[in-house]
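Asks: Heads up: the protein sequence lines correspond to chains A and B, in order.
First residue of the first sequence: 38, per this note's numbering; consecutive thereafter.
First residue of the second sequence: 38, per this note's numbering; consecutive thereafter.
Simulated from the structure, these hints should not be mistaken for lab results.
From the three backbone atoms N, C-alpha and C, an ideal C-beta is built for every residue, glycine too.
Watch out, some of these pointers could steer you wrong.
[Claimed, not checked] Straight line, CA to CA, 30 Å or less: simulated DSS-like cross-link-like pairs of lysine-lysine: (1) A:LYS302 <-> A:LYS343; (2) A:LYS343 <-> A:LYS136; (3) A:LYS302 <-> B:LYS388; (4) A:LYS360 <-> B:LYS360; (5) A:LYS190 <-> A:LYS172; (6) B:LYS172 <-> B:LYS190; (7) B:LYS190 <-> B:LYS302; (8) A:LYS172 <-> A:LYS371; (9) B:LYS371 <-> B:LYS352; (10) A:LYS302 <-> B:LYS360; (11) A:LYS371 <-> A:LYS132; (12) B:LYS172 <-> A:LYS302; (13) A:LYS371 <-> A:LYS360; (14) B:LYS352 <-> B:LYS172; (15) B:LYS302 <-> A:LYS320.
[Claimed, not checked] Some residues of chain B that are not near chain A, with every Cβ distance over 12 Å (derived): (16) GLY271; (17) GLU294; (18) GLN298; (19) ILE368.
[As the list claims (entries may be wrong)] Coverage of chain B stretches by chain A, computed from C-beta distances (three or more under 8 Å per stretch; other residues unrestricted): (20) 72-80; (21) 178-191; (22) 232-240; (23) 243-251; (24) 272-283.
There are 2 protein chains.
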Amino acid sequence: MKHRNGEIWEFENHVNSTGGVDFDSDGGVILGLDGGTTSTICICMPVLPFSSSSDLPDPLPILARAAGGCSNHNSVGEAAARDALEQVMAETLVKSGAKHSAVRAVCLGVSGVNHPTDQERVLNWLRDIFPSHVKLYVHNDAVAALASGTFGKLHGCVLIAGTGCIAYGFTEDGKEARAAGAGPVLGDWGSGYGISAQALTAVIRAHDGRGPQTMLTNSILQSLGLSSPDELIGWTYADPSWARIAALVPLVVSCAEAGDQIANKILDDAVQELALDVKAVVKRLCLGGPDGNGSFPVVMVGGVLKANNMWDIGKEVTDCIQKTYPNACPIRPKVEPAVGAALLAWNSLMKETEGNCHDR
Amino acid sequence: MKHRNGEIWEFENHVNSTGGVDFDSDGGVILGLDGGTTSTICICMPVLPFSSSSDLPDPLPILARAAGGCSNHNSVGEAAARDALEQVMAETLVKSGAKHSAVRAVCLGVSGVNHPTDQERVLNWLRDIFPSHVKLYVHNDAVAALASGTFGKLHGCVLIAGTGCIAYGFTEDGKEARAAGAGPVLGDWGSGYGISAQALTAVIRAHDGRGPQTMLTNSILQSLGLSSPDELIGWTYADPSWARIAALVPLVVSCAEAGDQIANKILDDAVQELALDVKAVVKRLCLGGPDGNGSFPVVMVGGVLKANNMWDIGKEVTDCIQKTYPNACPIRPKVEPAVGAALLAWNSLMKETEGNCHDR
C-alpha cells in the first residue's frame with residue numbers, strides 16, 4: 038500500500054487519541070463521493086448490517102460529510118482533480134473519526150468520467166491510496182445520482198436537469214445508455230441553460246419585431262439591472278458561463294405562472310425535451326419491457342426538476358413519460374448523490390457477502 | 038492637424054519621389070474601410086466626377102487595397118483597434134501612391150460600432166489623423182455592406198449571413214432598424230453558426246435515439262476525422278470558436294442536396310429565420326410602403342447567402358421575403374463592403390457638392 042500524499046493521510050497516527058470510534062470492529066465504513074464541475078462532496082457511512090435496502094434505517098447514519106473543489110479532469114486537469122478527490126476523502130475520514138484501515142469500500146461518481154480509460158485512471162489513483170482488500174468503484178456522476186433515488190441499485194433511469202441536462206439508464210444485467218448531456222452547442226434544450234437561452238432569445242425577438250411581446254422582457258431586464266434588450270447582447274458576451282444564464286430559470290417559471298404564453302411555450306418545450314431524453318434511454322434499454330408497461334424507477338435530480346408552486350417542470354416531465362410508459366415510477370431522491378454513491382458501494386458489498394454465503 | 042503616429046504617416050515625405058500620382062489636381066481620393074472581427078480591409082478610389090451612381094464606371098477604378106487585423110474594439114480593445122485602422126489606411130495610401138493631402142473623404146464601416154459613443158470615439162481618432170476639411174463618416178460594418186449593393190445610397194435593407202447574421206435597414210430620410218445580430222446564445226438561428234449547431238445537434242440526437250438517422254452523421258464525422266458522435270462533445274468543448282462550427286455549413290448544404298430530410302429541414306428553418314430578420318426590419322421602417330408593394334433593395338452578403346448548385350439559401354430567402362413584399366429587389370453586390378464604404382463617402386460628397394451648386 039502506497040500513500041501518495043503523506044500529509045493528507047497523517048491524521049491516521051492521531052485518530053485514536055482524539056476519541057475517534059474504530060469501526061473496524063463494527064463492520065467498517067464506506068466512502069461515497071459525488072464529484073461535479075463546481076464542487077465535490079464526500080460522505081462516510083458505516084457498513085450497515087442489513088441485507089436489503091428496504092431494511093435500511095431512515096435517516097441513514099451519515100458519520101461525516103465534507104465538500105471540496107472541482108474534480109472533473111476536463112475542467113481542472115488530472116493533477117488538480119486527483120488532489121481534490123484525495124483531499125475531500127481524507128477530510129471526511131478525519132471528521133468521521135474512522136481510521137483509514139476501517140474503509141471497506143469507496144465509490145466515486147465523478148463528472149467527466151465517460152470512457153473506460155477515465156475510469157481506469159481514477160481507479161489507479163484510488164489503488165495508490167487504499168489497501169488492495171478495499172472495494173473500489175468509479176462511475177460517472179449521473180450513476181451516483183441514480184443510486185441516490187434507488188438506494189444503491191443500478192436499475193432504471195436518472196434525469197438530471199440543472200445548468201445542463203442528461204439522462205442515464207441501466208438495466209439489471211448491466212447494460213447502460215445515455216441521452217443528451219452534450220452541452221448547449223449540441224442542443225440540450227431542456228437544461229436550465231437551454232430554458233434561459235430561449236427566454237433571452239424571446240426578449241430579443243420581441244424587441245426587434247420578430248416575435249410577440251412577453252413579460253419576460255421586464256422580468257429579465259429588471260432582474261439584471263438593464264434598461265434595454267439591446268444591453269442583453271453585451272451582458273451575454275461579457276461572461277459566457279452557462280450557470281449565470283441558467284440562473285434565470287425561476288424568472289421564466291414566474292412569468293409562465295403569471296400566464297405569459299411565451300414563457301409557457303418555453304417550459305412546455307423543455308418538458309418535451311426532458312421527457313424525450315428519458316424515453317430515448319428507456320427505449321434503447323427496453324426498461325419498460327416488450328409492451329412498455331413494465332415498472333422501472335425514473336430518478337429526477339437537479340434544480341430545474343424541483344417542485345414549484347404551480348408550474349412543476351418535474352411533474353410535467355413525469356406525466357409526459359407516463360403517456361408512453363404508464364408504469365414509470367418517478368422518484369425525487371431524499372438523499373444527495375454522494376450518499377447514492379455510498380449506497381452503490383454498500384449494495385455491491387452486500388451482494389458479494391451474499392455470494393460468499395451461498396458459496397459456503 | 039495632428040499626426041498621432043508619425044512613423045505610420047512618414048511615407049508622406051517620399052511619395053512624390055516614388056512616382057505616385059498626385060490626385061490633388063484630379064479631385065483627390067476617398068478611403069473606404071470595412072472593419073470586421075477577423076480582418077480589416079481598406080480601399081482607395083479617386084473622387085469620381087459623376088453626379089449619379091448610374092454613371093459610375095464598371096469596374097470601379099480602385100487605386101489600392103490593403104488588409105489588416107481586427108478593428109472591433111469589443112474584441113481587441115480600443116488601442117489595438119485604433120492601431121489596426123490607422124495602419125491599414127496608411128498602407129492603402131502608400132500603395133495608391135496618393136498623398137495624405139489628397140484625401141477628401143474617409144468612410145469607415147466597423148463592427149462593434151453600435152452606439153453614438155462608439156461612433157464619436159472613432160471619429161475622434163480620425164480627426165487626429167486627417168485635416169479638418171476631410172469629410173469623415175463612421176458606421177457599423179453592416180452599413181458598408183448595404184452600400185456595397187446600393188452604390189453608396191443608404192436605403193433598403195442588408196442581410197448579412199456568415200458566421201453570424203444580422204439585418205440592417207435604412208429609410209431615405211435617415212431612420213434605421215436592425216434585427217438579429219445578437220450572437221448564438223440569443224438565437225441567431227439563420228447564421229452559419231446556427232445552421233451548423235443544428236446539424237451537430239441532429240447527429241447527437243440520431244446517435245442517442247432522440248431523432249431520426251441522417252446523412253449528416255457520416256458527412257460531419259468524416260470531415261472532422263472523428264469515429265463516433267460521442268467524440269463531437271469533446272470536439273465542441275475543445276474550441277468554442279463560432280467560425281470553426283460555422284465552417285460546417287457546406288456539409289449541411291451537400292446533405293440537403295443529396296436528399297437528406299434533416300439537412301433540408303435545417304436549411305428550410307434557416308431560410309425562414311433569415312427572411313424573418315429582413316421582414317422585421319422592413320416592417321418597422323415601412324420600406325415596402327403602406328401596402329407592402331413598394332420597391333426597395335435587399336442586399337445579400339455573406340457565405341451562407343452565396344449561390345450553391347442546387348440548394349441556394351439566398352434565393353430561398355428572397356422568395357420568402359417576396360411572398361410578403363413582392364417588389365423587394367434582391368442584390369448580390371459585385372463589390373466588397375470596403376468599396377461600399379468608399380461609395381457611401383462619395384455619395385455624401387456628391388450630395389454636398391450638388392447642394393453647393395444649388396446654393397449658388
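Asks: None of the hints should be skipped; say for each whether it holds.
Replies: Results for each hint:
Annotation: proposed proximity of LYS302 of chain A to LYS343 of chain A holds, straight-line Cα distance about 19 Å (limit 30 Å). The hinted pair formed by LYS343 of chain A and LYS136 of chain A fails the criterion: a straight-line CA distance of about 38 Å is larger than 30 Å. Distance hint between LYS302 of chain A and LYS388 of chain B is unfulfilled; the C-alpha atoms sit about 51 Å from each other, more than 30 Å. In summary, the hint linking LYS360 of chain A to LYS360 of chain B is not supported, as the alpha carbons are separated by about 40 Å, beyond the 30 Å threshold.
A distance of roughly 17 Å separates the Cα atoms of LYS190 of chain A and LYS172 of chain A; the hinted pair therefore holds under the 30 Å criterion. For the hint linking LYS172 of chain B to LYS190 of chain B, the alpha-carbon distance of about 17 Å falls within 30 Å, and the restraint holds. The suggested pairing of LYS190 of chain B with LYS302 of chain B is violated, with an alpha-carbon distance near 36 Å, which exceeds 30 Å. With a C-alpha separation of about 26 Å, the suggested pairing of LYS172 of chain A with LYS371 of chain A holds against the 30 Å cut-off.
For the hint linking LYS371 of chain B to LYS352 of chain B, the alpha-carbon distance of about 16 Å falls within 30 Å, and the restraint holds. For the hint linking LYS302 of chain A to LYS360 of chain B, the alpha-carbon distance of about 28 Å falls within 30 Å, and the restraint holds. Restraint check: the Cα-Cα separation between LYS371 of chain A and LYS132 of chain A comes to about 23 Å, which is no more than 30 Å; the hinted pair holds. Proximity of LYS172 of chain B to LYS302 of chain A is assessed by CA-CA distance (about 51 Å); at most 30 Å being required, the pair is judged violated.
Straight-line distance between C-alpha atoms of LYS371 of chain A and LYS360 of chain A comes to about 26 Å, which keeps the hinted pair within the 30 Å bound. A C-alpha spacing of about 37 Å is found between LYS352 of chain B and LYS172 of chain B, which places the hinted pair above 30 Å, so the restraint is violated. A distance of roughly 25 Å separates the Cα atoms of LYS302 of chain B and LYS320 of chain A; the hinted pair therefore holds under the 30 Å criterion. Distance to chain A contradicts GLY271 of chain B as a non-interface residue, since its nearest Cβ pair spans about 8 Å, not more than 12 Å.
For GLU294 of chain B, the non-interface assignment is confirmed: its Cβ lies about 23 Å from the closest Cβ of chain A, beyond the 12 Å cut-off. Listed as a non-interface residue, GLN298 of chain B keeps its Cβ farther than 12 Å from every Cβ of chain A; the least gap is roughly 18 Å. No Cβ of chain A approaches the Cβ of ILE368 of chain B within 12 Å, the least distance being about 22 Å, so the stated non-interface status holds. Counting residues of the stretch 72-80 of chain B whose C-beta lies closer than 8 Å to any C-beta of chain A gives 0; at least three are required, and the coverage claim is violated.
With 0 residues carrying a beta carbon less than 8 Å from a beta carbon of chain A, the stretch 178-191 of chain B misses the three-residue requirement, and the given coverage is violated. Counting residues of the stretch 232-240 of chain B whose C-beta lies closer than 8 Å to any C-beta of chain A gives 4; at least three are required, and the coverage claim holds. Evaluation of the coverage hint for the stretch 243-251 of chain B: fulfilled, as 3 residues show C-beta separations to chain A shorter than 8 Å, against a requirement of three. With a threshold of 8 Å between beta carbons, the proposed coverage of the stretch 272-283 of chain B by chain A holds, since 4 of its residues qualify and at least three are required.
The structure does not agree with the numbered hints 2, 3, 4, 7, 12, 14, 16, 20, 21 stated previously, though it agrees with the rest.
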